[in-house]
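Visitor: Sequence:
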Amino acid sequence: MAAAERVFELLDEQLAVEDRPGAGELASFSDVLAFEQVSFDYGAGAVLREVSFTARRGEVVAIVGPSGAGKSTLVNLIPRFYDVTAGKITLDNKDIRDHTLSSLRAQIGMVTQEIVLFNDTVADNIAYGMPGADEKVLKQVAEKAHALGFIKELPRGFQTRIGEGGIRLSGGQRQRIAIARALMKDAPLLILDEATSSLDTESEREVQAALETLMRDRTTIVIAHRLSTVYRADRILVLDEGRLVEEGKHEELLAKNGVYRRLYDLQFKDE
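Under the working numbering, think of the first position of the sequence shown as 1, with each following residue one higher.
Hints listed in this document are in silico derivations from the structure and should not be mistaken for laboratory results.
It cannot be assumed that every hint is accurate.
Said to hold, decoys possible - Derived BS3-like pairs (lysine-lysine); straight-line CA-CA distance at most 27 Å:
1) LYS144 - LYS185
2) LYS139 - LYS152
3) LYS139 - LYS185
4) LYS136 - LYS152
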């Protein structure tokens with residue numbers, strides 16, 4: 001009974017983010033993602049303060065900054081895991097809150113530090129939300145994600161159950177399953193929070209190669225943990241204490257000798 005009470009308390013919770021009355025379907029993302037004077041507050045002080053930038057179709061925009069600068073919060077606002085406190089985020093010049101959550105999130109693929117995998121087959125984890133996916137397509141996306149090799153070596157290949165959270169796979173294998181899932185979804189807007197720092201060198205190379213395939217021809221917002229990601233970016237946004245303090249390319253930001261230069265010296269220089 002005590003457990004049932006807790007379950008029903010959770011079911012009765014009001015959603016913090018819901019569709020607006022009259023929200024329409026977002027058919028497709030074709031041009032530009034824009035943050036316009038965006039601020040956000042969890043309730044204990046501002047985490048983001050008047051952040052403005054744009055990302056055009058096909059661009060890679062890297063976000064760097066010290067711990068606690070608001071990087072993860074910024075990317076979590078795009079699929080509306082939270083709603084902005086002030087300002088607005090637009091897709092193709094229309095406020096994302098004017099679209100239904102389901103149609104907005106259908107345009108977004110995510111690969112984050114915490115990979116969510118289920119105690120199900122490899123095939124069902126890759127094609128999550130797409131029952132009856134074509135086996136030929138599964139193999140194609142697995143190959144692009146540099147995952148086909150290890151999947152073939154599993155006891156039942158694509159039909160192998162991987163355990164809760166993918167416990168029967170290595171960290172690098174779990175990441176590549178998540179990348180294959182994002183490729184399967186084929187969304188035009190991609191959010192990456194890379195998690196390669198805990199991987200061995202061989203796994204890290206495989207995951208980085210898979211990420212490069214995934215980012216191709218997509219608008220990508222990436223929290224950058226590695227210099228290779230920063231180099232690849234069309235623009236770099238530097239957050240500090242919730243504010244966008246610098247913006248530009250790698251060489252331009254180094255020349256400014258500001259926050260980015262300090263981060264580079266601390267985090268990237270050894271690479």
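Visitor: Work down the list of hints and note, for each, if the structure agrees.
Guide: A quick look at each hint next to the structure:
1. LYS144 - LYS185: Measuring from Cα to Cα gives roughly 13 Å; hence the hint holds.
2. LYS139 - LYS152: Given that 27 Å is the threshold and the Cα spacing comes to 10 Å, the pair holds.
3. LYS139 - LYS185: Holds, at roughly 14 Å.
4. LYS136 - LYS152: 14 Å, holds
Of the hints listed earlier, there is not a single one the structure fails to meet.
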